[in-house]
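Can you build the whole structure from these sequences, using the hints too?
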Amino acid sequence: MNREFFKFFGIRKKLIIYFLFIILFLSSISLFSYYSADVVLNNTNTIIKDYIYINDVKNTVNSLITELEKYLTTASSESLLRYYDYYNRLQVISREIPRTLDYNEDKLILKDIGNMLDELLSETDKAVLAKRGRISSRYIANFERVTEIGEYINKYNNKLLDNTLKGGTERYQNINSNMRFIIILTFFAIIVSVIVTLYIAASATYRLIKPISELSKYAERITEGDLEVKLTQTHTGDETDILTGAFINMVESIKDYISELKKQAEMENKLKEQELQNLKMGSLLKEAELKYLQSQINPHFLFNTLNAAAQLSTIEGADKTSEFIENIAQLFRYNLKNIDDLVSLRDEIEHVINYIQILKMRFGNRIDFYTDIDELALDTKIPRITLQPIVENAYIHGLQNLERKGEIHLNVKAELDYVLIDIIDNGTGMDKECINAIICSNKDEEIAKKHVTGIGMKNVLERLELLFNIKDRSELISIESKIDEGTKVTLKIPRFNVGQGGLKVC
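Using the UniProt record's numbering, the first residue of the sequence shown is number 1, and each one after it goes up by one.
No wet-lab data here; the hints were simulated from the structure.
Accuracy of the hints is not assured; some may be wrong.
Distance windows between CB atoms, simulated [said to hold, decoys possible]:
#1 Y103 - F187: 39 to 47 Å
#2 N269 - I190: 50 to 58 Å
#3 N401 - R95: 51 to 59 Å
For every residue, glycine included, the Cβ atom is placed at its ideal position computed from N, Cα and C.
Here you go:
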């Protein structure tokens, strides 16, 4: 009994010692190899990064000078935009260059490059300002100075690049000689490890092969889906007894686990079906809500009758009357189109201008209308009849009873992700309570009845919220107003196009 226990313990101890020796030996060689390779890689990466950095500075400087020259010769706005792009890049590069005193040659060169970049950017600024001021002699002189500084920067860049490549080559040669020794040492370690491993495998195979072979056959049957295998517990007095017992327990556990998985799968399928039904219902409700909001704003006007009246006025020589009726007809024609459609901001602004023309014909010179439109925003898609109700609201509540001359300003500005639309009047203004009533009041339908289209602010905002999936109304609109000074309404429209696939970024 003691001999069997000792023998068992000795085999285990030897296996542990052998494998620990192999693991430690190979690990040390692997770590050393990894460290050496990492040093080589880091040095190589440093050289490459330095080269890319120096080359990027050079290319950016040359591109800046090229775009500046194009702008000075052609006054191209595209060249100016590209110039500012390169200008900003060089500003970032210049700020990142350390200016501390250092006697290292490369750092001194880099410091000089940074100072020259600052001077280069200063001269380019002067050239652009002189061009805008149409002072040709000054911007020509500034550009010549820019070219001169650029040449100096390129010379310093080339010097810095040469130093970087020389230093990297020396480091690489030193490491390369060490790598040869590491390769030989690693090869020797692999041979020793193979010999020791073969010895251990040969000595342990006979003792372990039979029970493990039996286990592998049963395992193969289990992988094929046969969980009804009957494995007999072995009594060899070593680890195979534990392995066999664990295998038997594992098979039983797998059976129980599969049974539990089937139950869970059935439950999950039922839950997923319920979730799909809920999602479908929510989608249908949202679609129904949008259709309901849109259905209540479709106008019904006598467009054909107005056209006939306009033609009759022209025949009778009443040109102003004809123009007035034609403007009304165009207003009604725009309203008669499918309100489900999205229109460009350009079309919506033209509709607002047409409405303002009608007001001017009705009230003479009591109202002035001004626009400041960013052309980059004109292709942005918005729901039909979005701006006109807000402009009309500005007239009804701000200018209609105003004794002085009224003004309405429509300003549009394109930003990266949004288009900002400001509608400003110099009317009577309103307090916070009135602002909240316009945006949130449930009596909006009564206010809307006074509008040409029958659409109020609340309806417009709800359509925008549903279309762009905006939860917080403050992200969509803001209103600033002072009593007797006027009101400013700002819409923040996401720059999205809406297609069959949903919202797509412009």
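Go ahead and decide if the range 50 to 58 Å is satisfied by the Cβ distance of N269 to I190.
holds, 53 Å
Is it true that the C-beta distance of Y103 to F187 lies inside 39 to 47 Å, as the hint says?
holds, 45 Å
Take the C-beta atom of N401 and the C-beta atom of R95, compute their distance, and say whether it sits inside 51 to 59 Å.
holds, 56 Å
Violated hints: none; the structure is consistent with every hint.
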